[in-house]
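Asker: So the chains spell out like this:
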Amino acid sequence: MHIKIRKSWELGEQDVTPEKIFKQRRNFLKTGVAAIAGGLAGGLLSSHAFAAWPKAGDMLSGITKTDFDPGIDLTPFDKVSTYNNFYEFGTGKDEPLYAAKDFQTEPWKVEIAGACAKPGHYDFEDLIKPHPLEERIYRHRCVETWSMVVPWIGVSLADVIKRLEPTSKAKYVAFETLLDPVRMPGQRRQVLQWPYVEGLRMDEAMNPLTMLSVGLYGRTLPPQNGAPLRLVVPWKYGFKGIKSIVKITFTENEPPTSWNRSARHEYGFYANVNPEVSHPRWSQAKERLIGEFFKKKTLMFNGYGDEVAGLYKNMDLAKFF
Amino acid sequence: MIPYRVLWWVVFAVMAIPLLQLIAFAFTGGLGANPIEFINRHLGDWALRSLLVALSATPLKILFGWTWAVRMRRMLGLWAFAYVALHITNYVAIDQFFDWAAIGTDLVKRTYITVGMGAFTILFTLAATSNKRAIKYMGGKAWIRVHKYVYGAAILGCWHYYAMVKADVLPPLIHIAILTGLLGIRIWHNIKTKKT
Numbered sequence: 020m021h022i023k024i025r026k027s028w029e030l031g032e033q034d035v036t037p038e039k040i041f042k043q044r045r046n047f048l049k050t051g052v053a054a055i056a057g058g059l060a061g062g063l064l065s066s067h068a069f070a071a072w073p074k075a076g077d078m079l080s081g082i083t084k085t086d087f088d089p090g091i092d093l094t095p096f097d098k099v100s101t102y103n104n105f106y107e108f109g110t111g112k113d114e115p116l117y118a119a120k121d122f123q124t125e126p127w128k129v130e131i132a133g134a135c136a137k138p139g140h141y142d143f144e145d146l147i148k149p150h151p152l153e154e155r156i157y158r159h160r161c162v163e164t165w166s167m168v169v170p171w172i173g174v175s176l177a178d179v180i181k182r183l184e185p186t187s188k189a190k191y192v193a194f195e196t197l198l199d200p201v202r203m204p205g206q207r208r209q210v211l212q213w214p215y216v217e218g219l220r221m222d223e224a225m226n227p228l229t230m231l232s233v234g235l236y237g238r239t240l241p242p243q244n245g246a247p248l249r250l251v252v253p254w255k256y257g258f259k260g261i262k263s264i265v266k267i268t269f270t271e272n273e274p275p276t277s278w279n280r281s282a283r284h285e286y287g288f289y290a291n292v293n294p295e296v297s298h299p300r301w302s303q304a305k306e307r308l309i310g311e312f313f314k315k316k317t318l319m320f321n322g323y324g325d326e327v328a329g330l331y332k333n334m335d336l337a338k339f340f
Numbered sequence: 142m143i144p145y146r147v148l149w150w151v152v153f154a155v156m157a158i159p160l161l162q163l164i165a166f167a168f169t170g171g172l173g174a175n176p177i178e179f180i181n182r183h184l185g186d187w188a189l190r191s192l193l194v195a196l197s198a199t200p201l202k203i204l205f206g207w208t209w210a211v212r213m214r215r216m217l218g219l220w221a222f223a224y225v226a227l228h229i230t231n232y233v234a235i236d237q238f239f240d241w242a243a244i245g246t247d248l249v250k251r252t253y254i255t256v257g258m259g260a261f262t263i264l265f266t267l268a269a270t271s272n273k274r275a276i277k278y279m280g281g282k283a284w285i286r287v288h289k290y291v292y293g294a295a296i297l298g299c300w301h302y303y304a305m306v307k308a309d310v311l312p313p314l315i316h317i318a319i320l321t322g323l324l325g326i327r328i329w330h331n332i333k334t335k336k337t
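So the protein lines, in turn, are chains A and B. Residues in the first sequence are numbered from 20 upward in steps of one, following my numbering. Residues in the second sequence are numbered from 142 upward in steps of one, following my numbering.
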């Protein structure tokens with residue numbers, strides 16, 4: 020039997036969905052009815068058995084709806100999938116949509132390495148399949164001061180990590196994007212040091228909010244959003260959400276991160292959303308939600324303080340930005 | 142030969158294309174997911190490019206002996222100013238929505254904005270004195286001296302672009318290379334004519 024513990028960021032069925040969001044969900048349901056219907060049944064199971072992993076852009080089935088509702092409308096799919104910072108496919112935000120169009124993600128292997136009991140080369144499906152797929156609506160805040168609200172589909176990173184049995188030496192988790200200048204034309208120029216790398220402290224990686232995402236809006240991830248597997252850390256700036264992951268390493272020391280390596284005075288390892296610590300390029304006090312005219316105030320930890328503030332209790336966040 | 146008046150209007154129309162393009166995009170949904178950012182980038186790009194176009198008039202005369210471009214300099218310079226002014230209007234009135242506190246902080250704390258405002262101030266002064274009355278009032282020599290500051294505006298413009306880019310410095314470097322070439326031709330020409 021599957022016992023579901025309600026987290027503070029989940030809403031129950033008794034919570035009334037605002038009309039606008041309801042309408043948007045209804046549109047979503049028109050195209051994604053199978054996903055949600057399957058999700059209700061799927062939620063009762065602790066694991067799923069897919070016949071085959073759906074192809075890029077196909078519907079995902081068996082999604083549990085663990086609904087975190089930030090109380091604002093979802094950013095429409097056509098915005099989420101056309102406005103992307105994914106330098107492996109070009110530095111313009113409209114470039115990845117075209118440059119990643121034919122990006123092949125099958126087969127996809129993920130190497131697990133470092134301080135854990137179960138290292139090896141895993142088929143991406145085998146890494147994800149044992150865990151319930153969840154839909155989570157998260158605020159997504161880019162360091163460039165724009166934001167979106169995205170219905171991600173994926174699994175808790177914590178669940179995956181537990182299965183890999185990290186040892187006591189595992190203090191950090193390092194992630195790596197595919198390095199393949201043929202398939203990722205943006206890597207032909209050394210705009211950043213390739214491959215893109217990111218990392219989390221173990222307790223950050225184990226936080227229930229941290230997600231390995233495989234889809235959005237009921238479907239597998241579009242290539243430009245990081246297919247087939249990406250990280251989603253909603254209380255951190257978007258660049259922490261490394262895309263098209265091929266390697267996960269458990270390390271004892273803080274791993275290097277791409278933007279920090281590119282400009283260490285601008286981008287820290289932690290990169291927590293923090294309206295009080297302004298960036299040399301942008302004041303982080305406000306943000307523009309894509310689709311809105313007026314900027315709104317940015318929330319500490321992107322509004323997820325209840326869940327994550329404890330992780331940074333005795334840290335000077337102006338120093339560890 | 143194309144009559145000068147016709148050529149003038151052709152060049153004028155070409156300089157208007159980026160603006161017309163922006164208006165067309167606005168009506169066809171071509172501004173993308175973040176229209177304010179798109180408008181800002183588009184106008185900024187073309188402000189700097191127009192300024193480089195205006196600065197290529199003299200090199201065209203030096204290299205090919207063409208004088209028609211020099212005669213159009215005022216029109217070209219005013220287009221550059223128009224794009225800069227629209228760029229800044231977009232920043233102040235739409236992006237920041239007259240949040241003077243935020244604008245003030247940007248001006249003080251963010252080098253690329255400080256530098257960009259410097260370029261705007263120069264171009265504003267030059268645009269305001271780009272008429273016969275101002276030339277007469279200031280005297281030809283003084284007017285020319287003041288309008289040499291356009292080089293400063295172009296350098297600040299390139300600096301603004303370079304400093305604002307996150308990682309991909311190639312596009313600003315291309316603009317810097319072009320400006321270096323345009324200024325280099327003048328310097329080379331000045332040295333050469335002084336010798337003879």
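Everything labelled a hint here was simulated from the structure, so no lab data went into it. Treat each hint with caution, since some may be false.
Claimed, not checked - To give an idea of the interface, some chain B residues facing chain A are shown, with a C-beta separation under 10 Å as derived from the structure:
hint, residue
1, THR246
2, TYR253
3, MET305
In this text, a Cβ means the ideal position worked out from N, Cα and C, and glycines have one as well.
Asker: Each hint: holds or not?
Answerer: Hint check results:
1. Satisfaction of the interface hint for THR246(B) is found here, the shortest Cβ-Cβ separation to chain A being roughly 6 Å, below the 10 Å cut-off.
2. Interface restraint check: TYR253(B) against chain A, minimum CB-CB distance 7 Å, threshold 10 Å, status holds.
3. With its C-beta approaching chain A no nearer than about 7 Å, MET305(B) sits inside the 10 Å limit, and its interface hint holds.
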